[in-house]
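Engineer: Keeping their order, the protein sequence lines are chains A and B.
Sequential numbering of the first sequence, starting at 1, is according to this note's numbering.
Sequential numbering of the second sequence, starting at 1, is according to this note's numbering.
No lab work stands behind these hints: they were computed from the structure.
C-beta: ideal position from N, C-alpha, C; glycine also.
Okay, derived cross-link-like pairs now, BS3-like style, lysine-lysine, Cα gap no bigger than 30 Å in a straight line:
| # | chain 1 | residue 1 | chain 2 | residue 2 |
| --- | --- | --- | --- | --- |
| 1 | B | Lys116 | A | Lys186 |
| 2 | A | Lys92 | B | Lys11 |
| 3 | A | Lys92 | A | Lys186 |
| 4 | B | Lys103 | A | Lys186 |
| 5 | B | Lys156 | A | Lys186 |
| 6 | A | Lys186 | B | Lys102 |
Quick list of the computed label-pair ranges, beta carbon to beta carbon:
| # | chain 1 | residue 1 | chain 2 | residue 2 | range |
| --- | --- | --- | --- | --- | --- |
| 7 | A | Tyr22 | B | Asn170 | 48 to 56 Å |
| 8 | A | Asn263 | B | Asp168 | 34 to 42 Å |
| 9 | B | Gln136 | A | Phe133 | 48 to 56 Å |
Listed here are the chains, written in short residue letters.
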Amino acid sequence: MAQTNRSLIPGFRPALTFTIVYLSLLVLIPLSALLLKSLGYGPSQWFTLLTSPRVLAAFRVSLSTSLLAAAINVVFGLLLAWVLVRYPLPFKRVFDALIDLPFALPTAVAGIVLTAIYARNGWLGQYLEPLGFPVAFTPTGITVALIFIGMPFVVRTVQPVLQDLDPAEEEAASSLGASRLQVFTKIIFPNILPALLTGFALAFARGIGEYGSVIFIAGNRPLVSEVVPLLIMTKLEQYDYVGATVIGMAMLILSFALLLIINVLQAWTRRRAGAL
Amino acid sequence: MSIQVENISKKFGDFTALNNVSLEIPEGELVALLGPSGCGKTSLLRIIAGLEQADAGRILLNGEDQTSSHVREREIGFVFQHYALFRHMTVFDNVAFGLRVKKRAERPTEKVIKEKVFDLLKLVQLDWLADRFPDQLSGGQRQRIALARALAVEPKVLLLDEPFGALDANVRKELRRWLRRLHDELHITSIFVTHDQEEAMEVSSRIVVMNKGVIEQIGTPEQVYEHPQTPFVSRFLGDVNIFHGRVDQGWLDLDGWRVPAPAEAGQREQVAAYVRPHDVELTLEAEPHLPPATVRHIHHAGSVYKLELDVPARGTDETIEVEVSRREFQALNVSTGDTVYIRLVNPRIYPREDAAAVTVVSEIGTKSAQFNPQIANGEIHLAQKT
Numbered sequence: 001m002a003q004t005n006r007s008l009i010p011g012f013r014p015a016l017t018f019t020i021v022y023l024s025l026l027v028l029i030p031l032s033a034l035l036l037k038s039l040g041y042g043p044s045q046w047f048t049l050l051t052s053p054r055v056l057a058a059f060r061v062s063l064s065t066s067l068l069a070a071a072i073n074v075v076f077g078l079l080l081a082w083v084l085v086r087y088p089l090p091f092k093r094v095f096d097a098l099i100d101l102p103f104a105l106p107t108a109v110a111g112i113v114l115t116a117i118y119a120r121n122g123w124l125g126q127y128l129e130p131l132g133f134p135v136a137f138t139p140t141g142i143t144v145a146l147i148f149i150g151m152p153f154v155v156r157t158v159q160p161v162l163q164d165l166d167p168a169e170e171e172a173a174s175s176l177g178a179s180r181l182q183v184f185t186k187i188i189f190p191n192i193l194p195a196l197l198t199g200f201a202l203a204f205a206r207g208i209g210e211y212g213s214v215i216f217i218a219g220n221r222p223l224v225s226e227v228v229p230l231l232i233m234t235k236l237e238q239y240d241y242v243g244a245t246v247i248g249m250a251m252l253i254l255s256f257a258l259l260l261i262i263n264v265l266q267a268w269t270r271r272r273a274g275a276l
Numbered sequence: 001m002s003i004q005v006e007n008i009s010k011k012f013g014d015f016t017a018l019n020n021v022s023l024e025i026p027e028g029e030l031v032a033l034l035g036p037s038g039c040g041k042t043s044l045l046r047i048i049a050g051l052e053q054a055d056a057g058r059i060l061l062n063g064e065d066q067t068s069s070h071v072r073e074r075e076i077g078f079v080f081q082h083y084a085l086f087r088h089m090t091v092f093d094n095v096a097f098g099l100r101v102k103k104r105a106e107r108p109t110e111k112v113i114k115e116k117v118f119d120l121l122k123l124v125q126l127d128w129l130a131d132r133f134p135d136q137l138s139g140g141q142r143q144r145i146a147l148a149r150a151l152a153v154e155p156k157v158l159l160l161d162e163p164f165g166a167l168d169a170n171v172r173k174e175l176r177r178w179l180r181r182l183h184d185e186l187h188i189t190s191i192f193v194t195h196d197q198e199e200a201m202e203v204s205s206r207i208v209v210m211n212k213g214v215i216e217q218i219g220t221p222e223q224v225y226e227h228p229q230t231p232f233v234s235r236f237l238g239d240v241n242i243f244h245g246r247v248d249q250g251w252l253d254l255d256g257w258r259v260p261a262p263a264e265a266g267q268r269e270q271v272a273a274y275v276r277p278h279d280v281e282l283t284l285e286a287e288p289h290l291p292p293a294t295v296r297h298i299h300h301a302g303s304v305y306k307l308e309l310d311v312p313a314r315g316t317d318e319t320i321e322v323e324v325s326r327r328e329f330q331a332l333n334v335s336t337g338d339t340v341y342i343r344l345v346n347p348r349i350y351p352r353e354d355a356a357a358v359t360v361v362s363e364i365g366t367k368s369a370q371f372n373p374q375i376a377n378g379e380i381h382l383a384q385k386t
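One chain only, chain A, in its complex shape:
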């Protein structure tokens, strides 16, 4: 009885075939090529390259700025989403559209604009630098660029969840004697935490691979403000293809591991939230 094994949803086989072919063409084959190419170095060469001070510094800069930017985005992205959902604002639609701008703007443009503003002679830079707080050409500048790039990810993941929250749940909490702060920490926050984590993961992933906007504001000083994607570009320009792929591979493994951790964390909060 072959019939009994049939799934209720038809087209399982074509759907699976399509998924595998599509993923292979776009993700698996390119990544396998990367892996193969990187195997042109033996283990000792891998180790020497990846532990060289310049590479280590680049990883440190990339990871720390991406994590910091994503964390800042979680806080202020939530605030933005909150304001957009909860308060009647004049020109709300305009603000709402502005959120998506970092998605659409060519990243190089963003980088140039930010550099122009935060450079020593820029609008803000001319006040910040005398205060001993240089932004352009430092890791701070990279963080600023990554905040700009990653902000819409947090807003756009949290916003719909905030919108769907049942106001009656908050009213119920108030009627049971909860203060405003308690309503937020005990009712609203647990409900939006999974979305916040998703936003964090997306902003972080975007930040760690960001190239266009960062290279202008970073100043790209080796050991100080050089990010991993730039290091890969440098290797390529020196015709060191294997070296470039090794760094790329290390970067891939590292970000994959981090995203996996965030996903597990997210699944855990979701289970705790009762939405199985």
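Take the given structure of chain A and dock chain B to it, following the hints.
Structural biologist: Frame of chain A; chain B shown alone:
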């Protein structure tokens, strides 16, 4: 805790939800706010709770003016139509919520909270569900948990907004009996909002009938059903047959068809007489002043039989709805097409313009009660014929 509502008005834009409403509810009563959708009953409940602010008027709880105090200071328990359980918390944590958010000085220990929560869960007969999440419960279970959660903080007043509105008929019936019993045990002043007259009659000790932002009548279920003060109340609480005519020397003259009028009816032109389906008596023998009628449909509605009659003396095509008990029906032993004679008992007489004004409203408000059964009857009848 007693509740006083003084001259409350509330507008939403151009729409007047409440127009100068005053109401007094003594301690320990279980009161129903009854009315069609949009009559302002939910707004009134939310204003009493403090979830909504009135444009004008005062709310006094236990004699104290609480008009501007926040909902968390009013010591009320509120039960929402769609339960509003905290989805991310277990049943236990939901019920414990009100105790856990208390200020440290007033907060009971976890041990006391645990005992109290289980007592409440036993009260609503759901202690075996303590570890579940709301998504894993049925609607009736959720509403009982919502009630347990509201009772946990020992509110002085319990406010229920269409508490059984989202449940199916059987569960609804069971839960409203249960609510009645619970109230008899706890004696907590309670108001519940409903658009279901049967529910209001069965559960409450007093009914407040509302329409278009004003109170039409306040009274016990018996008072509002047997002695409706306005045409609206007549129509909203149960089905009625409406006759037009005039009152003349002790007779109700309905377009040439004369019926003895109640003594207090006096002498009036242009009246509308409202007669409930069970207040139409049928007999097989011709008597003076009893018009003949033809049985058009017979519908077996469980405990009663519902008959639709054509009355040629009325001069219109409209049928009269009659309800007779099984025993009466068996004694009559009529079938479709037979002739019977009808006597109107206990007609309520209103000036015609009042009645005309209310018709429009009640057509919106009580459409299902007024029209659906007839349509359903017609379909059943046709189905049997073919």
